[in-house]
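Residues 1 to 316, numbered by UniProt numbering, are exactly what the sequence shown covers, in order.
There could be a bad hint or two in this list.
Unchecked claim - Simulated pairs of lysine-lysine, DSS-like, Cα-Cα distance not exceeding 27 Å:
#1 156 x 215
#2 156 x 272
#3 215 x 272
Claimed, not checked - Here are the computed distance ranges between Cβ atoms for each label pair:
#4 30 x 166: 16 to 24 Å
#5 247 x 151: 24 to 32 Å
#6 247 x 198: 30 to 38 Å
#7 159 x 242: 37 to 45 Å
#8 59 x 149: 29 to 37 Å
#9 71 x 159: 31 to 39 Å
#10 77 x 313: 17 to 25 Å
#11 198 x 147: 29 to 37 Å
#12 132 x 160: 42 to 50 Å
Hint data in this document are derived by calculation from the structure and do not stem from the laboratory. For glycine and all other residues, C-beta sits at the position ideal for the given N, C-alpha and C.
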Amino acid sequence: MATPPHSATACDVAHERPDDRVVAIIVTFHPDPVALRRLVDSLLPQVDGLVVADNGSDGVANACLLELPPGFARCLDMGGNRGVADALNRGIEAAFASGASHVMLFDQDSLPAEDMTTQLMSACRRLESQGRRVATVGPRYLDPRSGHVSPFVATKGLWLRRVEAPTPSTPVEADFLITSGSLISRESWAAIGPMAGPMFIDYVDIEWGLRARWKGFASYGVPAARLSHSLGDRRMNFLGLSVPLHSPLRHYYQIRNPLWLYRQPWIALNWKLVDGFRLLLRFAFHAVFVPSRMANIRYMLRGLLDGLAGRQGRLE
């Protein structure tokens, strides 16, 4: 494996303040070695350090870190698949314990634009200087398979609306941001708390963003910051729309976790109604129109029963 053409060190990274130190967190689970190395290489000139929280990669994660500058990266073995939330929590705590001022979170198949960190840090500091309590700032992401650029969204009354910025450099407030690409400060993390580990996967970023809002913080999308990110295992064209598809197992968590979330005190009634309606549509769509219908229905029904019973954690 060739050495990357640019080996960044902490002094190469542009900072808003002298004490800023950004550490990237990547959660891995059986990653594509080429895609993971591409992500790692793209982060070298943008961040001061890297933590990989490995839920299982058969040595791929460690191999991607071997030729990095000494002390730049570390790999945390999660001892099996502990889920996205627990892996993020452990990686974030390790980063802050090492002196990071901010963490930036990534899925293993994402790829940030070369100026993404600079755009996010600039927006974060600008918002803080205006007296905003910033939970997280994050990029607009593009799915490379479809070319679809995802909007930032916020619930207004009983509608989920796209939030448009007057200029690319203007941050916009959203209900939540997807995990990948999001930037969080040490102070915000301490005030809001960790991700909900028992959720395991799906709705983890939504829960954290809504809990942050309940505590008086806000999530901001930064249109000028860009991230390439593949949502779902594949995409399906339906009535002119490109819809991301997941495995039947993921449908279990996508049904179970919101049912737990609706019972939490920090979730507004209108948000429950809006998301609950979308949940019904999701159930019907995957039961009728998506391949592997019977497997989808079986996992979704189990998710429904476990969600109503309040069960959490990994489905064994």
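Now the hints, each set against the structure:
1. For the given pair, residue 156 sits about 19 Å from residue 215 by alpha-carbon distance, which is consistent with the 27 Å threshold.
2. Our distance criterion of 27 Å between C-alpha atoms is met by residue 156 and residue 272, whose separation comes to about 12 Å.
3. For a cut-off of 27 Å, the pair hint linking residue 215 to residue 272 stands: about 18 Å separates their Cα positions.
4. For the pair residue 30 and residue 166, the supplied restraint of 16 to 24 Å is violated, since their beta-carbon distance comes to about 42 Å.
5. For residue 247 and residue 151, the hinted distance range of 24 to 32 Å is satisfied, since their beta carbons lie about 25 Å from each other.
6. In this structure, residue 247 and residue 198 break the distance hint of 30 to 38 Å, their C-beta atoms being roughly 21 Å apart.
7. One distance hint, 37 to 45 Å for the beta-carbon pair residue 159 and residue 242, is violated here, with the actual separation near 22 Å.
8. In this structure, residue 59 and residue 149 meet the distance hint of 29 to 37 Å, their C-beta atoms being roughly 35 Å apart.
9. Separated by about 49 Å at the C-beta atoms, residue 71 and residue 159 break the suggested range of 31 to 39 Å.
10. Between residue 77 and residue 313 the Cβ separation comes to about 20 Å, which falls inside the hinted range of 17 to 25 Å.
11. Against the hinted window of 29 to 37 Å, the Cβ-Cβ separation of residue 198 and residue 147 comes to about 36 Å, which satisfies the hint.
12. Hint check: residue 132 to residue 160, Cβ distance near 23 Å, so the stated range 42 to 50 Å is violated.
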